[in-house]
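Assembling the complex is the task here: the two chains are given apart, and the hints tell you how they should meet.
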Amino acid sequence: MAAKPKLAVFKFASCDGCQLSLLDAEDELLAVAGAVEIAYFLEARTQTVDGPYDVGIVEGSVTTEHDRQRIRDVRRQCKYLVSIGACATAGGIQALRNWAAVDEFISHVYARPDYISTLATSTPIAEHVTVDFELRGCPINKYQLVELIASLLKGRKPRVPEYSVCVECKRRGTVCVAVAQGVACLGPVTQAGCGAICPSYNRECFGCYGPKEQPNPTSLAAHYAEAGSDKMHLVRLLRNFNAHAPAFRDASDLVESGAASGDATEAP
Amino acid sequence: MTEPEQANHAHAFLLPDQLDALIERLREQGYRTVGPRVVDGAIVYRDVERADELPHGYIDTQDGGRYRLVRDEDAGAFDHVVGPDSLKRFVFPSCDTVLRADLQDGSWTMTPAGLPDEPVAVIGVRGCDLQALAVTDRVFLEGPYVDPLYEARRRNMFLVAVNCRRAAATCFCHSMNTGPAAGGGFDLALSELADGFVVESGSAAGDELIATAGWPAPDTARLEQARAQTAQLEAEMHARDGVVRDDGAMSRQRSLDTEGIHDLLLGRLSHARWEDIGDRCLACSNCTMVCPTCFCSSVEEVSDLAGEHVTRERSWASCFTAEHSYMNSGTVRKSIASRYRQWLTHKLASWHDQFGMSGCTGCGRCITWCPVGIDLTEEVAAIRD
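Residue numbers (our numbering), protein chains in the order written: chain A, 1 to 268; chain B, 1001 to 1385.
Calculated from the structure, these hints are not laboratory results. We put the CB at the ideal spot given by N, CA and C, even for glycine.
Here chain B is said to cover these stretches of chain A; the calculated rule only asks that three of the stretch's residues, wherever they fall, bring their Cβ under 8 Å from a Cβ of chain B: (1) 145 to 156; (2) 181 to 195; (3) 207 to 219.
This is chain B alone, in the form it adopts within the complex (with noise of 0.2 Å):
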């Protein structure tokens, strides 16, 4: 678990080589070491024993509804950015159980679920990412109830940030103020270099780890270096707002402009938009799911045959299905216009009346892996004119 940031954290460097070293502490420290890999034609978050499972030579090119891994010799290990996986799936897994119900001798005995205590260390998590842990811990362990099962999770994180040098066509993490650097909240955050990385601490046990390994601190070229490149990226990013990018998909930056979002989005709820998104969505739940803030469940008990038997599951749910809305009277929501609506509006606007900040981090993973390509950045544009 991180603590708010301090001046006089500990910097290292390390040589490429060096991060078998990283990953080994880690483990040694009783870690499950969770890193991305390539499975299935993505970069997923699986478990990682060795540097060189790692997706070296490998990045992404997003766009709307479209992935590709593309191999390219020059690219480190964290040039990628984001797959559909996030941190989500470690704090807030996609089904729990919370309760276990047992019926004996005519009488029920209870067994809540034993909280989970697994020290999970994840590597690769970008800024986007720990600003949408930030958002969920807002709504797990900020509010009037404490999320348990959340909490012994959390508590139990090492976070292994990366300062990305490469953003997506599908990245906005420069409009909403949550990258491409890694504003804060992790135990140590990476920057790849040409020649190693260069390591800075945000927690105190990022720190410790530095210190019990003995690593050098970098030179200031180096660390100079590697605050360029990210400051660097996020100009460009910037600077290419809008504008075709020419890297195998052939799409626009992606950026969102967040002034006056709240009234905007909420003034025009009648906006004929809405019904044209309607016509071009799936009501599929991808975006929900892919989404590292979106933190609906359902619950639901499961029982044998003879009804003895009981577990209380948690699952992902999402705002895109019947059911979520659904009241003694009937679904609320009915047609998808009005589920999207309810989506974007949430995430983008009334967010801020229930927890103080946006929904979105700007990761973009709700534009990429929407089967048809809807594009939240375009839609809130559309319906701004």
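So that you can see chain A by itself, here it is in the shape it has in the complex (with noise of 0.2 Å):
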């Protein structure tokens, strides 16, 4: 290709944990700028150029109007556009507002609640336009982040696994913190990524990478509510930093409302 490929870096909502993935990408970080123009990313340089870009990575969620009408303008001026970590993917953990009163909140934490203008929901990029690929975590991996620009500048598939941490775990040789201790692990429904960290802590999955493909977080939910696991516990762990990804949001509100116990996923 004649010139470099144009890269833009968007935050919305968001704590700037994954777009900082990229600055922490130390080893590649050089390669990744001669590789391409870094023509929007604030948190990198000042200077911007204008788009239209090839690349467009979105960074957080929607929460404002004024976020709902410029992501849009941020869809109009990238090629490809992608998003990432679980704020853009999922709504992150401001989705929790999901679930609760708004302005109830807001009347409690600012001292002028009428300052505040935001939406009643957090919600992924994708409810709002067209993404063409979604790389999942909280935060993302810096070296799937990487991958992902290699495989677009090379116009091929990234290696971005959408099977579950335990495949890692057990790749990895790390003893299963919910069989061997009766830990409730989010492991067998969330997206690999992360390179099963807790779990080699001896600490159980939170499900950061979010739902892995097809998964079945009624099933599991069932399982260790017959174990003995708290209901509230469980609907704690689902609704965390992915809480509106519905997979997990479905089966929350499931254990929530009781209906999860009992129904078809019952051991015999």
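Structure representation (structure tokens):
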């Protein structure tokens, strides 16, 4: 390709951790900067180049009317749009508001609630515009981000598996915390990508990478409940960074309503 | 590497503290010594340099989706059974680089991975896992294509088996004729007694080790005791098929009726039970990862950003993922039920067509390490009804 592809990074409601992953890719950063023109990336440089862009990377969720308008403009300017991180792909931890009365907590938190203009929900980018690829994680894995950029440069499919965290645990030889300790772990329903960090430190998976392909969280939650896990603990486990991801959201609602146990998933 | 069993292999008797001598001998011969160790609440294979690193005084209680280590002061070094690890990890590692390709001055240089040459001695291998090795030998060595990486690792192995004197509730080797005695394919087999170990050689390498160590032969009484305790366990396993055991897990002793299983499973592909399993199954792949005979892998090219340095990597894959049956028109086995059916019918039925043997060894790992405790013995029984 003659000119280097123009890369833009946009931020919505988020903590900045995911775009920081790009700056954190120390060994690869110079290569990235050599391969693409970093045209718009406010966290990295104040100088910006106007669109259109070849690749747009979007971090964060849509939580305001302003966001809702801006994401449409971003989409129009980007040939290929990638959403990165739990906020952009599932609404993030701030999607807990989707189960709460927003006006009520604003009135508790802010001295002048009338200054706050926000939507009642936090929603992923793909609920607003067409997204070409979603890179999961809270935060994303920098190696997956570099792999994604490399795949775009070469026009090939990125190596971003959609299987469970369990595959990573078993490959690395980590003992299953759910089976060996009876801890409710989301690994069997969560997408791989983190390298199974938490189980390798003897902790359960918190579902940072969101639901894996064809997850079955209802069966898993029913099993944990039967084995003695507290129902509300399971609800909170599912309503974490990826609370609004449909599979986790629906399963958490089912568990909360009590419908998850005693259905077809009951162990024989 | 072991050879076909011969009648006149050596026997020896080791005092409890002579296990160290066995490990030492193997290390002197250049083997990396691996054995069972307690790690994060389970007994797994790790490097072992001294006998006191072995899990003396631990037993494992196992059930569907449940594994717990229990202290038992009467337990010996090998009274646990199988954990999540198997020999698969040592002959077919979870990730392996098979090729490197580097672009320099406009041309590619391909460098196949060097053959692994580290000799590994594994201590504590059970009958079911020796059979699993026979299965993977058939797959990787005895077909039209020989896997050079597997072959190199396999040739460099020394296997110290253990004849089980205890079974977990998930064990059903007695149904699959793979245990609890180590049937063959080992270099040495240990039987743990109250006052030491009866050692039986199964290969020339085992004979040589016993001869050079100068260990005495066991007396007839101990030899008989060693045989009797495993035979007794096998009889007990048959006697308590399906009976609830009271050993902490309060679980049934598993068994599998293999009579006509090939035609049974392949003749009931529309049985309602498959969909029922599909509702419970997580398609998380744990069963296939812990199965000592599941040998599927995916091979991918991993490149740097510029695409100038590429490694071809092979890693464990699973028929429970959508990618596994992906062809250019999409995923063939779309439902979880269809994937479970594929796995079970392959393991227990079409494996016979493909390899002339069962793909299941009765080790029970897939039952224990399924996060929701799906039990293949129970599913087969339900499909049989």
